[in-house]
Amino acid sequence: AQTVTQSQPEMSVQEAETVTLSCTYDTSESDYYLFWYKQPPSRQMILVIRQEAYKQQNATENRFSVNFQKAAKSFSLKISDSQLGDAAMYFCAYRAGTASKLTFGTGTRLQVTL
Amino acid sequence: NAGVTQTPKFQVLKTGQSMTLQCAQDMNHEYMSWYRQDPGMGLRLIHYSVGAGITDQGEVPNGYNVSRSTTEDFPLRLLSAAPSQTSVYFCASSRPGTGDGYTFGSGTRLTVV
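Just so you know, the protein sequences line up as chains C and H, in that order. Here our numbering is used: the first residue of the first sequence is 1, the next is one more, and so on. Here our numbering is used: the first residue of the second sequence is 115, the next is one more, and so on.
It is worth saying that the hints were derived from the structure and are not from the lab. Fair warning: there could be bad hints in the mix.
Pair ranges (Cβ atoms, derived) [to be verified]:
#1 H:N142 to C:S30: 26 to 36 Å
#2 C:R63 to H:E173: 31 to 41 Å
#3 H:T212 to C:P40: 24 to 34 Å
#4 H:M141 to C:T60: 20 to 30 Å
#5 C:K70 to H:L193: 37 to 47 Å
#6 H:S183 to C:Q2: 48 to 58 Å
#7 H:S181 to C:L47: 41 to 51 Å
#8 H:D170 to C:S28: 33 to 43 Å
#9 H:D152 to C:S30: 28 to 38 Å
#10 H:L193 to C:S30: 36 to 46 Å
EDC-like, lysine to aspartate or glutamate: derived pairs with alpha carbons at most 20 Å apart [to be verified]:
#11 H:K123 to H:D187
#12 C:K101 to H:D187
#13 C:K101 to C:E10
#14 C:K101 to H:D170
#15 C:K78 to H:D152
#16 C:K101 to H:E144
#17 C:K55 to C:E29
#18 C:K101 to H:D214
#19 C:K73 to H:D152
#20 C:K101 to H:E186
#21 C:K70 to C:D31
#22 C:K55 to H:D214
This one's a predicted model, so the numbers in the text were calculated from it and none came from an experiment. Using N, Cα and C, we set each Cβ at its ideal position, and we do this for glycine too.
Chain C with its partners taken away, still in its complex shape (with noise of 0.2 Å):
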């Protein structure tokens, strides 16, 4: 079964730095996607970025971008300019290429100082 791995249950950073949120995951799958998701106060899920697995370039989205290590199945965020709209919870998820199921991990709370 596929897992997904958050190791840093809260992350720190402030207004207008970067910060890098960590996510492994483990499958035996080699056509697959990978996302993470946001989670603000209001509990709406949103999409902040995809990645797929046969794609070698990082996938980007304005400030947020990821490192996809597909070798050493690790897919992180890198958040640049953190804003204070930043804040909330972020989850990674794996998706194998042809099913339906979303695996999540257990999601990393960020905080944005002043």
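Following the hints, position chain H against chain C.
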């Protein structure tokens, strides 16, 4: 474009009561899922469906039933509520075979007393 609509947003139940959490999506997604979110445990899959008439169990199915009579709707039934079912519940939907992330509803906070 409503996306995924969950009702109710909040609910308090007494132990032993039953209820149905409603979920509807208007994106013609074939895949739908129910998750529960508990502190320190992330989101865990309860039941999922790959199309109308097809459902299957996820990681934590005990105490819950689902059905999928239409593509749009995927209700979750609590048969006899227990305090251990106090949680936040999310419904989500996705297209099949595209690697898309799921689109989530806004969640239901359920308290069982």
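- Message: Checking each numbered hint in turn, tell me which of them this model violates, lowest number first.
- Response: 6, 7, 8, 13, 15, 19
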